[in-house]
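Enquirer: Those protein sequences? They're chains A and B, same order as listed. Using my numbering, the first residue of the first sequence is number 91, and each one after it goes up by one. Using my numbering, the first residue of the second sequence is number 64, and each one after it goes up by one.
These are computed hints drawn from the structure, not numbers from a lab. The model shown is predicted, which means the values in this text are computed figures rather than measured ones. Glycine included, C-beta positions come from ideal geometry on N, C-alpha and C. Worth double-checking, as some hints may not be accurate.
For each label pair, taking beta carbons as the anchor points, the in silico distance ranges come out as [claimed, not checked]:
1) A:Ala473 x B:Ala228: 38 to 44 Å
2) B:Leu131 x A:Asn319: 41 to 47 Å
3) A:Asn319 x B:Gly227: 49 to 55 Å
4) B:Gly227 x A:Phe472: 40 to 46 Å
5) B:His193 x A:Val115: 36 to 42 Å
6) A:Leu332 x B:Gly227: 55 to 61 Å
7) B:Asp127 x A:Val295: 50 to 56 Å
8) A:His233 x B:Gly201: 24 to 30 Å
9) A:Arg311 x B:Asp126: 58 to 64 Å
10) B:Ala228 x A:Ile226: 50 to 56 Å
A few chain B positions that, by computed beta-carbon distances, are all more than 10 Å from chain A [as the list claims (entries may be wrong)]:
11) Val128
12) Glu134
13) Leu136
14) Ser146
15) Pro151
16) Arg192
17) Gly208
18) Ala212
19) Thr248
20) Asp291
21) Glu360
22) Arg384
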Amino acid sequence: MTLARSADHRLVGNRVLLTLLVAAVASSTLLPFASLSANRLTSGQPVMLWQALAEWQLAALALIGLALLVAALARPLPRRRALWLSLIATLVLLGLDFLALGGYAHRALVDASAAARVSQGATFWILLLVSALIAIDALQRLHLGLVKRALFGAAALVVIGACFSGDLLSPLSIMREFANQKENFVDQLIRHLLLVAGALIPALVIGLPLGLLANRRDSLRNGLFSVLNVFQTLPSIAVFGLLIAPLSALGRAVPWLGDLGVSGIGVAPAIIALVLYSLLPIVRNTYSGLAGVSPGTLEAARGMGMTSRQILWQVEIPLALPVILSGLRIVTVQAIGLVVVAALIGAGGFGAFIFQGLGQYAIDLVLLGAIPTIVLAVIADFALQILVTLSRPPGTR
Amino acid sequence: MIELKGLTKTYAGQNVVDDVSLTLDTGEFGVLIGPSGCGKSTTLKMINRLVPLSSGRIILNGDDVTELPVEQLRRRIGYAIQSTGLFPHWSVAQNIATVPQLLKWSKSRIDDRVDELMALFHLDATEFRHKYPHQLSGGQAQRVGVARALAADPEVLLMDEPFGAVDPITREVLQAEMRRVHQQTGKTIVFVTHDMDEALQLATRIALLNGGKLVQYDRPIELMVKPDNDFVREFIGQADLGLKLLSRRWVQQYQREPSLEHQATFPGLDHRWILDDAGRPVALEGARLDDDHQRTEVKPEWTATPEMSMKEALSRMVWYRVMVLPVVDEAGKLIAEIGMQGVMGIQAEDGTQGS
């Protein structure tokens, strides 16, 4: 009823889209799209959108804006068609954003000095963010299934991949930092992932049984959660600091541990801290997933003669799995972020670029660490979200 | 056969079930009833050892239940509960197959059994086999729950207020279905409820408990006609006693040959049925207080079936203002009639109970 009324009387069909569009237009007129600087350390001159873009790109951008405006209005397009239009427009906007930046960098650097750098500006980021938000909003409103969502995600990845595949973006400052760090980058990526895995696997091995224990022994539950809560409240840098003394002592006292790399700084304290941070979400979600299995289901299972082991594996774990995996999703994303801080104590990972960049005041080197971290977190989040959905009982997805 | 001998359950020094002894023969439909906290559910759960007994014995077909391995015992006993306890992540067919799976039946045997049970509960296999519990209505879920409890052909079926959470209309349908399933399978059933009407509908034996003690254990009609004490009388309720009695009587016990010629319905009234070529009743002539020769068109709403309770039959007579109802078979053919004499408990003189 409200839908029908809004279609009849309201001018705007999709307020979120309109707001995002206004934000994009405002930033395009007020904030720089790129910046040009003499070398990698000086701050650059702002370059506005209309200065940076070729004429056809400006025309294309205007067309996209127009399409999104039409999609935001209640008429003439029907609701679903408008959402699909906005979805497609975001893909084009995404591609155009990269294309424009790369094209500008190529043109600007033709007769500049070899040290000159082109960096992306606020408007570039805002257009990227706006297209992501429009897409997320449209996907939610369309109630698309998992497969269609994944297909759209893949399409976005193809667009981004195409932009990165050729020479288009190579003159950009951040890509030159990447070129300088290429081998190092892959190393740090692997290191980052190993640190995350190295933290999550022990956290699961310890956390899952603890969650089960919390579910089975009421008397232990409160104490267990209090202890885990304390870990969660400690600031990560403080934990790294606290671990230096005992771990270096341990490394010295037990030579074979020292040979394994246990010392006050490096991988060992990083992994210990990450495990401590990961425990609470895993234990809590395991506990509440198991506690969420209805007592009637358990009573029926027992009454029909299932053994405790059969009930655990055939009933409780399958039913608790979506909640347990949600916990894993939280800690995975959290660990990907926390590993950055662990670079401070020499554990490596993308954080190494960030702190190196901060030290040199080379913002693009900072971004070279920060952006892949964000991308990793988003990919992990999306993948685990799919796993959570798949783990739900059939028919309730 | 189930025998409870001096069954007692003590919680914190208090006997919630206190020295209960009774015997339920094979094929009987036993109902445990009483006010809340009377120990009826606890008694039921001691049979499949979900609640350990404090003292006394429970003998199931000659075996002391405490001497059997607990999982093995439970697989011999069907168990259906109010919340159904269906596994939300398993399809209807998988749910029904739970105990046969545990007993490691062959796949084809399990499939056949699932089909058989779905047919017994009038659940269309092609439609329901692959549905999940959350896609079922309350009544359908409860049918699947009972089908699951019956899957491995248990020696006894325990039901803990199974129809307590469904709406009144569905409950009546399920009760009728349960009575039919009991008649078809001849299962020994122990059923817990707090609803006297439900107990009178279903039971062949009623055990009334109060404060953990067995107050009276008898056939439903005996319980009504010969209550042992005031508690029993009060629990059954003084109101509607006659109607309660009628809810335990079935049309087939009182039906008589239908009259196709004019015949006395009641002193001063007579009637006859007019049939179509297929033998289905079309109209009733007479049997109306206002006009003895009035023709009344027969409608499905005021026909009776042999399995109908006399209470329902009386209700239809009153509502549709007729002194006699046609009794029809499944094809709608007239096989007998039921009149006011039947309501009063007078059986047909010639001994015929329809055909």
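Enquirer: A cut-off of 10 Å on Cβ-Cβ distance, and B:Pro151 was said to be off the interface with chain A. Does that hold?
Expert: Incorrect as stated: the minimum Cβ-Cβ distance to chain A is 5 Å, not above 10 Å.
Enquirer: I want to verify a distance hint. Is the separation of the beta carbons of A:His233 and B:Gly201 within 24 to 30 Å?
Expert: Distance hint for A:His233, B:Gly201 holds at roughly 27 Å.
Enquirer: Between B:Gly227 and A:Phe472, does the beta-carbon spacing fit 40 to 46 Å?
Expert: holds (45 Å)
Enquirer: For B:Thr248, which was marked as not at the interface, is the minimum beta-carbon distance to chain A over 10 Å?
Expert: At about 18 Å from chain A, B:Thr248 clears the 10 Å cut-off, so the statement holds.
Enquirer: Over 10 Å from every CB of chain A: does B:Gly208 meet that, or does the non-interface label fail?
Expert: The claim is violated: B:Gly208 sits with its nearest Cβ about 8 Å from chain A, within 10 Å.
Enquirer: Minimum Cβ separation between B:Val128 and chain A greater than 10 Å?
Expert: holds (13 Å)
Enquirer: Taking 10 Å as the cut and beta carbons as the points, is B:Glu360 off the interface with chain A?
Expert: holds (44 Å)
Enquirer: Just checking, B:Glu134 versus chain A, shortest CB gap more than 10 Å?
Expert: Non-interface label on B:Glu134 violated, nearest chain A Cβ at 4 Å vs cutoff 10 Å.
Enquirer: Just tell me: holds or violated, for the beta carbon distance of B:Ala228 and A:Ile226 against 50 to 56 Å?
Expert: With a Cβ separation near 40 Å, B:Ala228 and A:Ile226 fall outside 50 to 56 Å, so the hint is violated.
Enquirer: Holds or violated: the 49 to 55 Å window for the beta-carbon distance between A:Asn319 and B:Gly227?
Expert: violated (41 Å)
Enquirer: Is the hinted range of 55 to 61 Å satisfied by the C-beta distance from A:Leu332 to B:Gly227?
Expert: 57 Å Cβ-Cβ, so the 55 to 61 Å window holds.
Enquirer: Hint says 38 to 44 Å; check whether the CB-CB distance for A:Ala473 and B:Ala228 agrees.
Expert: holds (40 Å)
Comparing the model with each numbered hint stated earlier shows that hints 3, 5, 7, 9, 10, 12, 13, 14, 15, 17 and 18 do not hold.
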